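A.B. asks: Residues per chain are reported as follows:
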Amino acid sequence: AQSVTQLDSHVSVSEGTPVLLRCNYSSSYSPSLFWYVQHPNKGLQLLLKYTSAATLVKGINGFEAEFKKSETSFHLTKPSAHMSDAAEYFCVVSDLGSGNTGKLIFGQGTTLQVKP
Amino acid sequence: KAGVTQTPRYLIKTRGQQVTLSCSPISGHRSVSWYQQTPGQGLQFLFEYFSETQRNKGNFPGRFSGRQFSNSRSEMNVSTLELGDSALYLCASSLYGQGAGVNTEAFFGQGTRLTVV
Numbered sequence: 001a002q003s004v005t006q007l008d009s010h011v012s013v014s015e016g017t018p019v020l021l022r023c024n025y026s027s028s029y030s031p032s033l034f035w036y037v038q039h040p041n042k043g044l045q046l047l048l049k050y051t052s053a054a055t056l057v058k059g060i061n062g063f064e065a066e067f068k069k070s071e072t073s074f075h076l077t078k079p080s081a082h083m084s085d086a087a088e089y090f091c092v093v094s095d096l097g098s099g100n101t102g103k104l105i106f107g108q109g110t111t112l113q114v115k116p
Numbered sequence: 117k118a119g120v121t122q123t124p125r126y127l128i129k130t131r132g133q134q135v136t137l138s139c140s141p142i143s144g145h146r147s148v149s150w151y152q153q154t155p156g157q158g159l160q161f162l163f164e165y166f167s168e169t170q171r172n173k174g175n176f177p178g179r180f181s182g183r184q185f186s187n188s189r190s191e192m193n194v195s196t197l198e199l200g201d202s203a204l205y206l207c208a209s210s211l212y213g214q215g216a217g218v219n220t221e222a223f224f225g226q227g228t229r230l231t232v233v
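Here the protein sequences line up with chains A and B, keeping their order.
Counted the way the working numbering counts, the first sequence spans residues 1 to 116.
Counted the way the working numbering counts, the second sequence spans residues 117 to 233.
Calculated from the structure, these hints are not laboratory results.
None of these values were measured; they are calculated from a predicted model.
Hints may be right or wrong, so weigh each one.
With beta-carbon atoms standing in for the labels, derived distance ranges [what the hints assert, rightly or not]:
hint: 1; chain 1: A; residue 1: Q45; chain 2: B; residue 2: P155; range: 17 to 27 Å
hint: 2; chain 1: B; residue 1: G158; chain 2: A; residue 2: S70; range: 21 to 31 Å
hint: 3; chain 1: A; residue 1: T111; chain 2: B; residue 2: G119; range: 16 to 26 Å
hint: 4; chain 1: A; residue 1: S28; chain 2: B; residue 2: P177; range: 44 to 54 Å
hint: 5; chain 1: B; residue 1: G156; chain 2: A; residue 2: L7; range: 12 to 22 Å
hint: 6; chain 1: A; residue 1: H39; chain 2: B; residue 2: F176; range: 19 to 29 Å
hint: 7; chain 1: B; residue 1: R131; chain 2: A; residue 2: L56; range: 33 to 43 Å
Just so you know, even glycine gets a beta-carbon here, dropped at the ideal spot from N, CA and C.
Can you make the complete structure from the sequences, with help from the hints?
C.D. replies: What follows is the structure, given as structure tokens:
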């Protein structure tokens, strides 16, 4: 069965410094992985996705993630944090074990705090 | 292109009542999935509908049900509400859903905040 583990429930950075949000996955299949962001009282917005093409994935708003099969990781990074990046971030894997479905499996989320 | 629309945005219901939530997906999308988000359990999959058929279901009691219409709009119903059903209910729309060889992006609505008192 697929699963994701977000290694930090809360990350705090200063504006202008790098961001690293960590995610490990478990999958019996070649996984499809996503990062979503949720701002307060908003829905989820897709930041980026990995679907077995390039291992370094570029997303919106300057975010990137690198798929590392040997480490079963899919960490999210950004070179320089902005105040507007403060939000909750979810690492997500498609549940490929059930055929074609709409099921996404979410990590528990990481709250990113950006200090001025 | 209009996004995913969920109505209503907020609901307050009493224990024992039932509630119906609505989701209008992006035009042309055939897959609609529902998720429950709570502080304790995080985001959990409820079910997915594709072309009016339920394709997958999560581990929720039978009080949670849904349906999809021919125009892909979906409704979710919760009967005999319990305090623990208080949550943000999110709907996700995608062309074909996710699965082996099929990984179309899921677009989420802003959710319906349900409070059971």
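A.B. asks: Look at each hint and say if it fits the structure.
C.D. replies: Structure-based check of each hint:
no. : hint                            : in the structure
1   : Q45(A) <-> P155(B): 17 to 27 Å  : holds, 20 Å
2   : G158(B) <-> S70(A): 21 to 31 Å  : holds, 28 Å
3   : T111(A) <-> G119(B): 16 to 26 Å : holds, 24 Å
4   : S28(A) <-> P177(B): 44 to 54 Å  : violated, 28 Å
5   : G156(B) <-> L7(A): 12 to 22 Å   : holds, 20 Å
6   : H39(A) <-> F176(B): 19 to 29 Å  : holds, 27 Å
7   : R131(B) <-> L56(A): 33 to 43 Å  : violated, 50 Å
Checked against the numbered hints given earlier, this structure breaks hints 4 and 7; the rest are met.
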